[in-house]
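Participant: Using the sequences and the accompanying hints, generate a full structural model.
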Amino acid sequence: MKFNYKYLLAVIPILITGGVIYYLSDIVTYILMAWVISMIGAPVVVFLRRFVGKNIAALFTLSLFVLGFMLLVWIFIPPLVNQIENLSKVDYNKVVTALEEPIRDWEKWLINKKLMIASDTIEQSVNHQVIDTSRPLSHVIALDSMVSGWDSLSGQPIKIIINLDNNFSDATSELNKTNDKNEGFFEILKKNMSTYLNPQKIQQMFGESLSAFGNVMVGVFSIFFIGFFFLREQGLFDNILTAMVPTGYEQQTKQAVDETSKLLIRYFVGILLQVTIVTFIVGSSLTILGVKNALLIGFFAGIMNVIPYIGPIIAAGVGVMITLSSNMELSFYDEMVPLLTKVITVFIITRLIDDIILQPNIFSKSVKAHPLEIFIIVLVGAKVGGILGMVLAIPFYTAFRVIGKVFLSEFKVIQKLTRNM
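Quick note on the numbering used here: the sequence shown kicks off at 12 and runs consecutively.
A hint or two may mislead.
Straight-line alpha carbon distances no greater than 25 Å define the calculated BS3-like cross-link-like pairs of lysine-lysine that follow [what the hints assert, rightly or not]: (1) K423 with K265; (2) K379 with K394; (3) K379 with K416; (4) K379 with K427; (5) K379 with K273.
It should be emphasised that the hints constitute simulated quantities derived from the structure, not laboratory data.
Facilitator: Written as structure tokens, this is what we have:
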């Protein structure tokens, strides 16, 4: 089969674009997010252009996004700061003490099921070990000595000096390892909680979060600034892309951008709807059930639901931790367990609603892809870019399918991937 050079010409701009994205990833991210804002706000701008000029229409539409962002900050940041302050004041020794009874019960259950060895059994086995006296103990105590004897010339005895090394690092480390093995599950948990969950580290994490928040604000300003021009000048993003492709492919590029825009608009609108519904269900349900910080937990659940598959699990874990830290005065079995059961039940019901109703309509129908196809793409995204790769996997795959349909439709694999588009 004769090689067609148009395939090479179609691949070259893709490779160039990939190199630019890799080298200028931050700036490209701002441009792409501004493009998403322009896609979502395009219907509003078109409607307003009937009554006002393009500058006012774009500014008003962008103001809606800014107000929405400020509303989210106003709702989310104060409870988050309050929760961090509460966590920094928690005495985690009291937390461990409060959890001592259920942890002991859990440890006993594991021992009864032979899933864990009792600490006293380990201690007895250690105490009954036969010490091998043939092994030298020089690795435990360092001896610096002279050979005993008499000086044959002077007839005077030779003094023997023995220095005992007070730094028993090797022996201490060996003993610590033995003690760590003998410690029960409760002691290990208490040590780890006091090490990793102390107020100083939480305050340090909060300071780092504030620094990251400053960087986020710079990014948000850049996105809104670029988005204003994309809203004001419809087609500006298309012109940027067509300027990067070889002559003769401008029309195909515009077609690819238009089709990608239509699919991604439906996808991102669906994501916003999904976040809103999940936030409302979790927040309102927990409020009715009398759970503290219900709005904070609900909003976090909605945001984390953007991460496919593992996002709801992370949100449920954080919700349980927030509930635990906010109700340390409660009796564990009588009050805490029923409260945690309510929180977990709300997350399970929300997950079922999301799986049965929301996701089939958002992911499958909006991007016109098979659920198994989406699952594999999300796994690939997780392998390549972690959690961020999982979030961006579907939009990037959608753009890839559209580009393949427009430029590489002769290939059988592309025909199979784009048969429903």
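Participant: Hint by hint, note whether the structure agrees.
Facilitator: Hints versus structure:
1. K423 with K265: Judged against 25 Å, a Cα distance of about 23 Å means the pair holds.
2. K379 with K394: Between K379 and K394 the Cα gap is close to 23 Å, so the pair holds against 25 Å.
3. K379 with K416: holds, 13 Å
4. K379 with K427: holds, 13 Å
5. K379 with K273: Status holds; Cα separation ~12 Å.
In summary, this structure violates none of the numbered hints.
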